[in-house]
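Work the whole structure out from these sequences, hints included.
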Amino acid sequence: MTVRKNQAALTPEEKRAFTNALLELKRTGAYDRFVTTHNGFIMSDTDSGDRVGHRSPSFLPWHRRFLLEFEAALQKVDPTVSLPYWDWTADRTSRSSLWAADFLGGTGRARDGQVMDGPFAYATGKFNVNVRVDGRAYLRRALGEGVAELPTKAEVEAVLAMPVYDMAPWNSSSNGFRNNLEGWRGANLHNRVHVWVGGQMGTGVSPNDPVFWMHHAYVDKLWAEWQARNPKSAYLPAAGTVNVVDLHDTMRPWNDVTPADMLDHRKFYTFDTEPVPAASASQR
Amino acid sequence: MNKITRRQALGTTAGALSALGIAGATAHAAAADSRASIPTGTVDEVYQGRRIQITPATTGGGHHGGHHGGGHDGLPTVRIDGRELHVMRNADGTWISVVNHYETFADPTSLARAAVRELQGAVLAPFAPMGGTA
Ligand SMILES: [Cu+2]
Ligand SMILES: [Cu+2]
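Chains as they are written, first to last, in full-length UniProt numbering: chain A, 1 to 284; chain B, 1 to 134.
Be a bit skeptical, because a hint or two may be false.
Claimed, not checked - Simulated pairs of lysine to aspartate or glutamate, DMTMM-like, Cα-Cα distance not exceeding 25 Å:
hint, chain 1, residue 1, chain 2, residue 2
1, A, Lys267, A, Asp256
2, A, Lys221, B, Glu103
3, A, Lys153, B, Asp44
4, A, Lys5, A, Glu157
5, A, Lys15, A, Asp50
6, A, Lys5, A, Asp78
What the hints contain is simulated information worked out from the structure, not anything from laboratory work.
See the structure below:
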């Protein structure tokens, strides 16, 4: 059973295994196909039309499935790798070890935003940005420039206390847990982190920055924490909702997976903060 | 970028566009802008050396209809140096683009200006509404 760990707790060897697997997916072209898929949904998910990946109830199950597929691709390269999560309430400055040269590399230089250190710097020749919204082929970041502060623990706690998963009109103007976590309403959690990192992370091709996966692994963990704290709260809507993925509707692009299939992450992985389930412990 | 005058930047970009064979799009926009009565919401300005052109939503057909699939009707066309910027309107009336996807702007002009700042002189990639999703 895969265990997803806090990125701050990874050993140097675990960091190297993770970044090497990312570079290998980049080399084979698999990485870029994920970026293309994500941008396709970013541009087609609309508040008044069909919406699957974003600004809708299925934001959380869609990204859980998307991450599972990416994690499986990483594990084909190296079975020891799992997606680390970035708790941005705790590691909240550009001086965090997350941004060191032995992990993701740091912020971009002033002139053009180009990331100059770490395994994903353009000069390495191993991580060109190929799926892009403009002509720039290098990874860019502007940590803390688009917005000064990452969300705080208190802001996260307030959102986790919201008892209703989602509400009509099931889009970026909804109240409820999902949209406050996604960030179109309220304190702005998930969206703000994209803007805080800047560069490609602020665009439709945000998965070009490897921190995308660690950010979404944490958003995914917050969904699991919300479920644990609100055991009587269900995924909504249940059925019959136009343009929106109901509990038992399938999600594009897979068309064989529903939000209901994604509700229990422990079918697929656990977090390092959770006890190991008895079943998988006995399998070991 | 800051040392380049607006005229120089515009000239350089126009040359690059011609080389890429998309001068037609620019010519089309220029022709639209020369009409006697400019529709409300039309913008044609140079901001930080980049030409921003915004034409209001048209209903069906035309250049705009040819670019968009379903679900995007009723949106203005926003161009930066002749290249179309993918924009969306949120339910609350605010705006986002593919360049600034996770923060909202009050109107298409501030959205386009934010894209210009983010681009730092880079040229928009060809407009691809579905992103080639397979
Ligand atoms: Cu996404
Ligand atoms: Cu995201």
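Now for the hints, and whether the structure bears them out:
no., hint, in the structure
1, A/Lys267 - A/Asp256, "holds, 17 Å"
2, A/Lys221 - B/Glu103, "holds, 23 Å"
3, A/Lys153 - B/Asp44, "violated, 44 Å"
4, A/Lys5 - A/Glu157, "holds, 21 Å"
5, A/Lys15 - A/Asp50, "violated, 38 Å"
6, A/Lys5 - A/Asp78, "holds, 16 Å"
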